[in-house]
Amino acid sequence: MRDAYPRRDDNRQHDNRWDDRSQDHDAPQTWEEAEAERAEADTWVKYSGARASGPATVTVDNGFAALGLPDVFVERLARDGITQPFPIQEATIPDALAGRDVLGRAQTGSGKTLGFGLPLLTRLQGATSRPKHPRAVILVPTRELAMQVNDALEPLAVAAGLRARLVAGGLSYTGQISALERGVDVLIATPGRLVDLQDRGAVDFSAVEVTVLDEADHMADMGFMTDVSAILDQIPAGGQRLLFSATLDNGVNQVVETYLTDPVEHGVDDVAASVDTMSHFVFLLNPQDKKTITAEVAHRPGRTVVFVRTKLGADRVARELQDRGVKAAALHGGLTQSVRNRVLGAFREGHLPVLVATDVAARGIHVDDVSLVLQVDPPADHKDYLHRSGRTARAGEIGTVVTLALPHQRRTMERMITAAGLDIEPVAVKPGDPLIDAAGGSTPSGESVADEVASILAPKHRGRRRAHPSRSPRSGGRPRFGKGSRSGADRIPPGRRRGMRGDS
Numbered sequence: 019m020r021d022a023y024p025r026r027d028d029n030r031q032h033d034n035r036w037d038d039r040s041q042d043h044d045a046p047q048t049w050e051e052a053e054a055e056r057a058e059a060d061t062w063v064k065y066s067g068a069r070a071s072g073p074a075t076v077t078v079d080n081g082f083a084a085l086g087l088p089d090v091f092v093e094r095l096a097r098d099g100i101t102q103p104f105p106i107q108e109a110t111i112p113d114a115l116a117g118r119d120v121l122g123r124a125q126t127g128s129g130k131t132l133g134f135g136l137p138l139l140t141r142l143q144g145a146t147s148r149p150k151h152p153r154a155v156i157l158v159p160t161r162e163l164a165m166q167v168n169d170a171l172e173p174l175a176v177a178a179g180l181r182a183r184l185v186a187g188g189l190s191y192t193g194q195i196s197a198l199e200r201g202v203d204v205l206i207a208t209p210g211r212l213v214d215l216q217d218r219g220a221v222d223f224s225a226v227e228v229t230v231l232d233e234a235d236h237m238a239d240m241g242f243m244t245d246v247s248a249i250l251d252q253i254p255a256g257g258q259r260l261l262f263s264a265t266l267d268n269g270v271n272q273v274v275e276t277y278l279t280d281p282v283e284h285g286v287d288d289v290a291a292s293v294d295t296m297s298h299f300v301f302l303l304n305p306q307d308k309k310t311i312t313a314e315v316a317h318r319p320g321r322t323v324v325f326v327r328t329k330l331g332a333d334r335v336a337r338e339l340q341d342r343g344v345k346a347a348a349l350h351g352g353l354t355q356s357v358r359n360r361v362l363g364a365f366r367e368g369h370l371p372v373l374v375a376t377d378v379a380a381r382g383i384h385v386d387d388v389s390l391v392l393q394v395d396p397p398a399d400h401k402d403y404l405h406r407s408g409r410t411a412r413a414g415e416i417g418t419v420v421t422l423a424l425p426h427q428r429r430t431m432e433r434m435i436t437a438a439g440l441d442i443e444p445v446a447v448k449p450g451d452p453l454i455d456a457a458g459g460s461t462p463s464g465e466s467v468a469d470e471v472a473s474i475l476a477p478k479h480r481g482r483r484r485a486h487p488s489r490s491p492r493s494g495g496r497p498r499f500g501k502g503s504r505s506g507a508d509r510i511p512p513g514r515r516r517g518m519r520g521d522s
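So in this note's numbering the end of the sequence shown lands on 522, straight run, no missing numbers.
Hints were generated in silico from the structure; no laboratory data involved.
Here the structure is a predicted model, which means the values were calculated and not measured.
Yeah, the Cβ is synthetic: ideal placement off N, Cα and C, and Gly gets one too.
DEER-style ranges, computed between Cβ atoms:
1. Leu-330 with Ala-248: 27 to 35 Å
2. Arg-327 with Thr-276: 29 to 37 Å
3. Val-176 with Asp-455: 47 to 55 Å
4. Glu-470 with Thr-244: 40 to 48 Å
Turn these sequences into a full structure, and let the hints steer you where they fit.
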């Protein structure tokens, strides 16, 4: 397989594949890499929900107990206040516990992590994994989603005496390889990094009992299906396969036909169902008014996710919002992992109310209580419209979706909203329009908050400080841009240290 899937260093369009391939896992750690570790440890939170200390009481009406799950998982979930399954969990868990291959059709944020995670952990209980031989593999499209899956499953794995490990681009090879050498039960991975680790001889798939493909449609959109197939070809055919996807196009149906055996299919939150608890607006505006209206719509209580097409566009819109008095920051693949973690941490904690993101960067984000999705650049099609909209109105909450369209984009937007199942008409707006108030927006102060945002996102220095975040103390103060490495803002450093949570 090594010859069939060589490293493709010229394939730079997918950040999750490219950003980690030139990194030498034995290279000395720079200040920036160490900072990425601290940021990762500080800002990534566990599974959402209030945490109680000590044992929890499992009541007779506990929905997870009724599904036949082991007491250790029911009790651990109850400690976090999680006692009733979401529809996708209620639908898929019994069949997955019975060992069936499962095809789950559900939107992002529907609760499918526990839908596949609980049966997977139940199956692995009572045994340990040999070095380099994980017993379960969970494939996800982005490192952010990998982190969130790990955050959701790790407390349950620990309660059952199992080891879960995250492997993804932008994180250190050293910690991932050493963890695999010690033995990992559940491997949560992005496809590109997992192929790299297999090429290095760090992982063997011959003992895998359960394989999960989470958000398979997003992996297909990002061009990972070749790697996914390469991994699945090496996993024993008799194992259980669980695939979750919002749609079955772009090659996902071929994966289902090739690798799943007589799968039982469950569908909740149909692709058009996410419109039910949202208010939708399409604002037609003149080009000269776009910056002002963007700031007015984004200036509102609660969390807002702003969608743009490109990395440069994300930086530009975030800067323009800051200049007009809106606390905003960009999130995209061109940022270092430490910056990405600080931005997401500030957004999660409410210190930064507006996140400006590209589609790829936002796909793995699971943040509750997002009250507005603002599409500064219209989506490519109705499926992208619904995927973006799914960042708000989660778990039955209400939300608002506003799309800004220029005059020449009107007909395209009309066709798109019809295909998305919406019955709305684009309306013309100007700065200060009452419709902006109706969408929850307001006029910002007009005074720059760039310094305040910079302070929120500043790294938290611990111990001895370095002269510059991009300089290595082990290279005489020279930037570590060695042969084959990426430079400047495009270089995403490894960022997870040995001995951290999940390494043991």
